[in-house]
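A.B. asks: First to last, the sequence lines map onto chains A and B.
Using numbering that gives the first Met the number 0, you'd call the opening residue of the first sequence number 0 and step up by one each time.
Using numbering that gives the first Met the number 0, you'd call the opening residue of the second sequence number 0 and step up by one each time.
Hints should not be assumed to be uniformly reliable.
Note that identical chains are pooled: a pair holds if it fits in a single copy or bridges any two copies.
Said to hold, decoys possible - Here are the simulated lysine to aspartate or glutamate pairs, DMTMM-like style, with alpha carbons at most 25 Å apart: (1) K245 / E25; (2) K245 / E33; (3) K44 / D14; (4) K245 / D18; (5) K1 / E33.
Hints are computed from structural coordinates only; laboratory data are not their basis.
Number of protein chains: 2
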Amino acid sequence: MKLDDFLADCRHRVDAALDALLPRPEGPAARVAEAMRYAVLGGGKRLRPALALAACEACGGAVEVVVDAAAALEMIHTYSLIHDDLPAMDDDDLRRGRPTVHRAFGEAEAVLAGDALHTLAFEVLATRPRGDEAARRRLEAVALVSRAAGTAGMVGGQMADLEAERRRVDADELIWIHRHKTGALIASSAELGAIHAGANAELRQTMSRYGQALGLAFQVADDVLDCTADATALGKTPGKDLRAGKATFPALYGVDEARRRARALADEAVGELAGAGIDSDPLRALALFAVERGA
Amino acid sequence: MKLDDFLADCRHRVDAALDALLPRPEGPAARVAEAMRYAVLGGGKRLRPALALAACEACGGAVEVVVDAAAALEMIHTYSLIHDDLPAMDDDDLRRGRPTVHRAFGEAEAVLAGDALHTLAFEVLATRPRGDEAARRRLEAVALVSRAAGTAGMVGGQMADLEAERRRVDADELIWIHRHKTGALIASSAELGAIHAGANAELRQTMSRYGQALGLAFQVADDVLDCTADATALGKTPGKDLRAGKATFPALYGVDEARRRARALADEAVGELAGAGIDSDPLRALALFAVERGA
Chain A
0 MKLDDFLADC RHRVDAALDA LLPRPEGPAA RVAEAMRYAV LGGGKRLRPA
50 LALAACEACG GAVEVVVDAA AALEMIHTYS LIHDDLPAMD DDDLRRGRPT
100 VHRAFGEAEA VLAGDALHTL AFEVLATRPR GDEAARRRLE AVALVSRAAG
150 TAGMVGGQMA DLEAERRRVD ADELIWIHRH KTGALIASSA ELGAIHAGAN
200 AELRQTMSRY GQALGLAFQV ADDVLDCTAD ATALGKTPGK DLRAGKATFP
250 ALYGVDEARR RARALADEAV GELAGAGIDS DPLRALALFA VERGA
Chain B
0 MKLDDFLADC RHRVDAALDA LLPRPEGPAA RVAEAMRYAV LGGGKRLRPA
50 LALAACEACG GAVEVVVDAA AALEMIHTYS LIHDDLPAMD DDDLRRGRPT
100 VHRAFGEAEA VLAGDALHTL AFEVLATRPR GDEAARRRLE AVALVSRAAG
150 TAGMVGGQMA DLEAERRRVD ADELIWIHRH KTGALIASSA ELGAIHAGAN
200 AELRQTMSRY GQALGLAFQV ADDVLDCTAD ATALGKTPGK DLRAGKATFP
250 ALYGVDEARR RARALADEAV GELAGAGIDS DPLRALALFA VERGA
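Input sequences plus hints: build the corresponding full structure.
C.D. replies: See the structure below:
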């Protein structure tokens, strides 16, 4: 199966799950449901859900089992984008080629829509897939994703990223930021697939390491895209980090060396699979996709 | 045991748990940990944790079992206050007698500190109390609190409350708002105690109904306080709802009738206990406290 077909299939399954799981825009709180749907269903690569589905399959599970939990990852990711785009944070007007949530719905609505997606993600992780035999895995899923999304992961990285705007950071600090800000949730996406496949601790660790390398590769490539692509292709405002004087991999290493490092990290991710004897075309292809996606 | 002693004991236990569970302010993300600690450890009645502890004991559980989960309720409550106080929401400068988090730390930090508390709450609910025998209860706790905090509960109520500023609402709508905005999490606090006591479904329902009546009583009394107390006693800016033209129970019914209704709801809460044959001084006292606390 080619990666494009695999990604299209993932997107189809995950978008259907998201549509079913998101609240209907009705009743006194209709507006927050509208904003949630606008943010979540307005496009996006669905990289994190795809990683969860591919990892689940690679560990011997059926992809159906992990689709709802994978949708929860996209909710966490989307909540973080909504809050990150707020005027008090990155103050972005454009996301996935459309006005950001606070531009389209208002700032209070954006805060609440992010909060609601955040909560809903944990409700979904705690309740899907249904069935007594999956209860232990659901509990592990909540613990895993909450660790990845909190101060020891995503939010910690966002805080450090904000601080980094106020002073010069070196390569080690930049890597710390990205391993937390985006890497932790991406790593947990692969591990989530392993959990719902019923994988043992060793296999879970392999998937986590694969996801960590892929996550950093993705971010280095994202930095390169941010300084080489235009807004239409990117779907968000390009060059903002550079103008804000924020450290980026291309700024530290130059564009060519940054590209080389992204590729080396993708190779490292694939190496983790090979080392554990895992043969998965989608997981290999996703590692390449992380660094080769066009702007 | 007198209620003051009970509340002091709860506060002592819950504050110790919060201190142990909150991240240390160290490393690149130290500032978000500082803001979290400032917000959570800066006072507060700890009503929701106290309800969880009292309900657990009333259902035959040991209070130690539910202390960490009760601390998670306070994290959810505090995250909602931090985000509610933001300039884009209620734009409040004062909370629990001190500058709000965005005043003390900055707006971006307030968004992130709220987000981090939100995530940490679910991590704690998924992992405490430890032990295999509590795994099923932890999963039920995550599902319960996520439903209470999301669009079907707290965030839905906040959204409807925002909308209510833009038009006149009647008593039914105001009750809907408060049953969701504050009532849902308060009801889930009592039910959480029942869950970790190993209570059956019927007893859980009783605790939930007790909490629902108490939650609404608390909010009606809060509205009365908001229009009768001063800032020093209240610890937050008083009279804001009235000036914003927002519907409140005193505005709809007058102060005396609002007070009478609050008391009737507290009686209803106590009646739920009596109807189920539950004899608990702390739960009875908490229902009275909800409506009789001085400003």
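A.B. asks: Since the copies are identical, ignore which copy is meant and state whether K245 and D18 lie within 25 Å (CA to CA) inside a copy, between copies, both or neither.
C.D. replies: neither (36 Å within a copy, 34 Å between copies)
A.B. asks: From the Cα coordinates, with 25 Å as the cut-off, is the pair K44 and D14 best called within, between, both, or neither?
C.D. replies: within (11 Å within a copy, 42 Å between copies)
A.B. asks: From the Cα coordinates, with 25 Å as the cut-off, is the pair K1 and E33 best called within, between, both, or neither?
C.D. replies: neither (34 Å within a copy, 48 Å between copies)
A.B. asks: Have a look at K245 and E25 and pick one of within, between, both or neither, based on CA distance no larger than 25 Å.
C.D. replies: between (42 Å within a copy, 22 Å between copies)
A.B. asks: Is the C-alpha distance from K245 to E33 at most 25 Å within one copy, between copies, in both cases, or in neither?
C.D. replies: Answer is between: at 24 Å across copies they meet the 25 Å cutoff, but 34 Å inside does not.
In terms of the numbered hints stated before, the structure departs from hints 4, 5, listed from lowest to highest.
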